[in-house]
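S.K.: What follows is each chain in one-letter form.
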Amino acid sequence: MKIFPFSLFTLETSPPILITETFPDANQSIKNSTMAKRSSSSSLLISPLSLFLPRGDSLLYLIALLSLFSLLVHRLSASPTTAQSHFEGFDADEDEDFVLDESNDAVVPPLRSTPPPPLSLSQPTSESHHGPPDSDSDPIIKSPSSDPDPNLSSKSASTAFDYWDEDEFEGVPQHLTPETSEITVSASGSESDLTPQKSEVPEVEVPRKLTSYSVEIVCVSFLIMFTVNYFTGKKENENLALAWASKFANKDSIFDKNFSLLGVGENEDSPLLLKEGQNVFKFYASGRRFCSGVLATMELKSRHDFISRLYNMVVPCKDEITFEVYMNDDAMDQVVFALARKKLAKTMQKEAGDLQRFAGLVAPPNGRKWVAEELQVVSESKEVAGDLITDAVLDQVFGEKPFEKYGKGFISIHFSDKHLGLNKKMLVFKFALPDANHMADMTRLVALVPYYIDLIGRYKLSSHARSKTEAARLKIAQEIQKELQNARNEALQKKKAEQRKKLEETEAKLSAEALRKKEAKERARQMKKAMPKIKMSRAN
Amino acid sequence: MASQSNDPRQPSAARPYKPSVVAPQDLPVDYSGFIAVVFGVFGAMFRYKLCSWLAIIFCAQSLANMRNVENDLKQISMAMMFGIMGLVTNYMGLGPRASPKK
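From first to last, the protein sequence lines are chains Z and F. Here the first sequence stands for residues 1 to 540, numbered as in UniProt numbering. Here the second sequence stands for residues 1 to 102, numbered as in UniProt numbering.
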């Protein structure tokens with residue numbers, strides 16, 4: 001009875017499992033049947049069948065309702081203790097069967113009164129141990145394959161019951177010890193705990209328990225590590241962001257001197273940083289000439305996420321801060337310019353839309369101080385590049401020597417009046433953040449932000465360059481327009497084709513009669529159309 | 001630096017921060033949530049407890065990376081349900097675990 005659902009578990013998917021699991025249960029509660037093998041589930045089906053045969057639908061409803069109810073009952077009583085009590089009841093029933101069959105009334109009662117504790121100790125364990133790993137669905141085949149007892153292996157299921165009972169009556173102590181020893185040997189597969197064997201072999205239990213729970217131990221400890229790491233990593237990230245804010249956005253700091261409004265709120269003492277998720281912090285500043293605002297987004301490592309942290313041990317990444325300066329529309333001339341390390345500059349030139357359209361790699365000019373060797377300028381023209389890379393910048397950051405010292409955190413700068421998105425005119429600075437104790441390292445990099453806002457705000461292209469850039473922009477605008485037009489045309493054609501298809505379909509659906517009518521109507525209309533023309537021609 | 005001789009600040013031009021609205025479909029894909037759902041379904045269907053455990057772990061990751069509470073919670077809770085269901089059926093659905101006799 002117990003073996004039957006177990007063996008099905010391993011073979012089938014969950015919904016049938018639930019049903020097979022619960023049918024015997026329902027059976028038991030309704031009929032309290034004596035034998036509960038495969039026939040038991042069919043007996044449940046047959047009994048209502050005889051009652052409700054004339055009403056076909058109601059029978060199905062009843063079965064569905066019954067199975068649902070039994071499912072519910074089983075779910076409610078899913079806890080191990082209650083389930084165990086059910087099965088114990090079954091054991092007792094089976095015993096009684098046997099008793100009736102053998103008609104050994106005189107001998108049984110005194111024996112039964114004493115051995116029950118060992119019986120219920122040994123029996124469920126042997127079954128629950130050999131049940132799950134074995135995939136056979138038939139208990140008759142199953143019992144010989146799993147049970148080590150040589151007597152059992154040769155006999156049928158009913159005789160197996162006999163032998164179990166014999167065990168309990170006569171050879172309980174002898175049979176218990178081999179069984180338990182066998183269990184400890186073949187333990188590995190099943191995940192049940194071995195508490196009932198406490199009296200027999202407690203010292204062998206412990207290693208078996210540990211190995212069988214290895215998955216759980218690993219997973220739970222991983223979860224615990226994950227949780228601990230979540231809080232520590234979160235704190236770390238917050239500390240880093242706060243260190244940055246206190247260094248650059250506090251009173252008399254570089255942002256305080258340049259912007260009248262700091263922080264993400266409306267008023268003065270609003271919070272400086274806005275936290276998005278656990279590893280993204282935003283800082284906003286506004287109220288400065290030439291620009292409407294600066295949004296600094298700190299994207300820190302996912303320190304709070306243990307899995308990402310492990311991944312970052314293999315593939316390291318940096319804490320990044322991105323400044324987006326939204327320039328006023330009148331304050332930025334037609335400038336497309338980018339500066340980054342060589343490899344990144346090339347990919348930027350290929351991937352960023354505006355750089356791809358307007359700009360190309362600019363070779364270092366002769367006879368002039370230029371940026372450090374590892375850097376690459378991408379710009380619309382040489383003139384723009386030369387004007388934006390001033391001597392001051394070269395002295396401070398981008399020259400050969402200062403870049404060695406201060407350029408570690410530099411990733412890229414990208415100025416463009418043709419950015420994608422809402423803000424077209426934007427300066428984007430990307431830097432890597434140093435750790436919380438060395439925030440001063442990036443002071444010069446941060447100082448680039450207000451410097452370039454002023455530089456670009458004041459910058460005016462020469463008339464020659466301007467005419468060039470305007471021509472380029474016009475050309476590209478036309479191209480875009482063309483593309484748009486093409487796309488629109490395509491969409492229109494597609495729509496038309498679809499409509500035609502629909503019309504044809506509906507026409508095909510109409511009956512021949514309707515079709516003829518329609519055609520006649522059409523002809524009449526065309527005749528009507530034709531008539532006045534003839535008249536007109538006559539009049540003329 | 002050179003160009004900051006006078007005060008560049010203009011309080012009148014200050015504009016408060018407006019968080020940019022991101023459409024739900026533009027949000028970054030929650031891979032860990034997706035993986036959690038896959039593992040959860042797998043664990044519940046085929047009764048692999050390792051799958052269910054992995055589902056729970058990825059649920060935790062997804063939960064840790066959650067940004068938008070209303071949006072993400074649905075998916076995560078679904079994955080969590082699958083994971084927990086898998087575990088419950090794994091550890092309890094097998095019927096009587098041999099427990100000490102009362």
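FYI, nobody ran anything at the bench for these hints, they're computed from the structure. Warning: the hint list may mix true and false statements.
Said to hold, decoys possible - Far from chain F by the CB rule (all over 12 Å, computed), these chain Z residues:
# : residue
1 : LYS275
2 : GLU276
3 : GLU383
4 : LYS405
5 : LYS408
6 : ASP435
To be verified - Distance ranges between label pairs, derived from CB positions:
#  : chain 1 : residue 1 : chain 2 : residue 2 : range
7  : F       : ARG67     : Z       : LEU65     : 42 to 48 Å
8  : Z       : THR211    : F       : VAL69     : 47 to 53 Å
9  : Z       : THR211    : F       : VAL38     : 27 to 33 Å
10 : Z       : LYS482    : F       : VAL29     : 42 to 48 Å
11 : Z       : ALA487    : F       : SER20     : 55 to 61 Å
12 : F       : SER20     : Z       : TYR61     : 53 to 59 Å
13 : F       : PRO28     : Z       : LYS482    : 32 to 38 Å
14 : F       : LYS18     : Z       : LEU361    : 20 to 26 Å
Model, not experiment: these values are computed from the prediction. The beta-carbon is built from N, C-alpha and C at its ideal position, and this holds for glycine as well.
S.K.: Each hint needs a verdict: does it hold in this structure or not?
M.R.: Checked hints:
1. LYS275: violated, 10 Å
2. GLU276: violated, 6 Å
3. GLU383: holds, 20 Å
4. LYS405: holds, 17 Å
5. LYS408: holds, 20 Å
6. ASP435: Since the minimum Cβ distance to chain F is about 22 Å, Z/ASP435 lies beyond 12 Å and the statement holds.
7. F/ARG67 <-> Z/LEU65: 42 to 48 Å: Given about 45 Å between the Cβ atoms, the range holds.
8. Z/THR211 <-> F/VAL69: 47 to 53 Å: Violated, since Z/THR211 and F/VAL69 (Cβ atoms, about 41 Å apart) do not stay within the stated range.
9. Z/THR211 <-> F/VAL38: 27 to 33 Å: Hint holds: Cβ distance 28 Å, inside 27 to 33 Å.
10. Z/LYS482 <-> F/VAL29: 42 to 48 Å: 34 Å Cβ-Cβ, so the 42 to 48 Å window is violated.
11. Z/ALA487 <-> F/SER20: 55 to 61 Å: violated, 26 Å
12. F/SER20 <-> Z/TYR61: 53 to 59 Å: Holds, since F/SER20 and Z/TYR61 (Cβ atoms, about 55 Å apart) stay within the stated range.
13. F/PRO28 <-> Z/LYS482: 32 to 38 Å: holds, 33 Å
14. F/LYS18 <-> Z/LEU361: 20 to 26 Å: Violated, since F/LYS18 and Z/LEU361 (Cβ atoms, about 36 Å apart) do not stay within the stated range.
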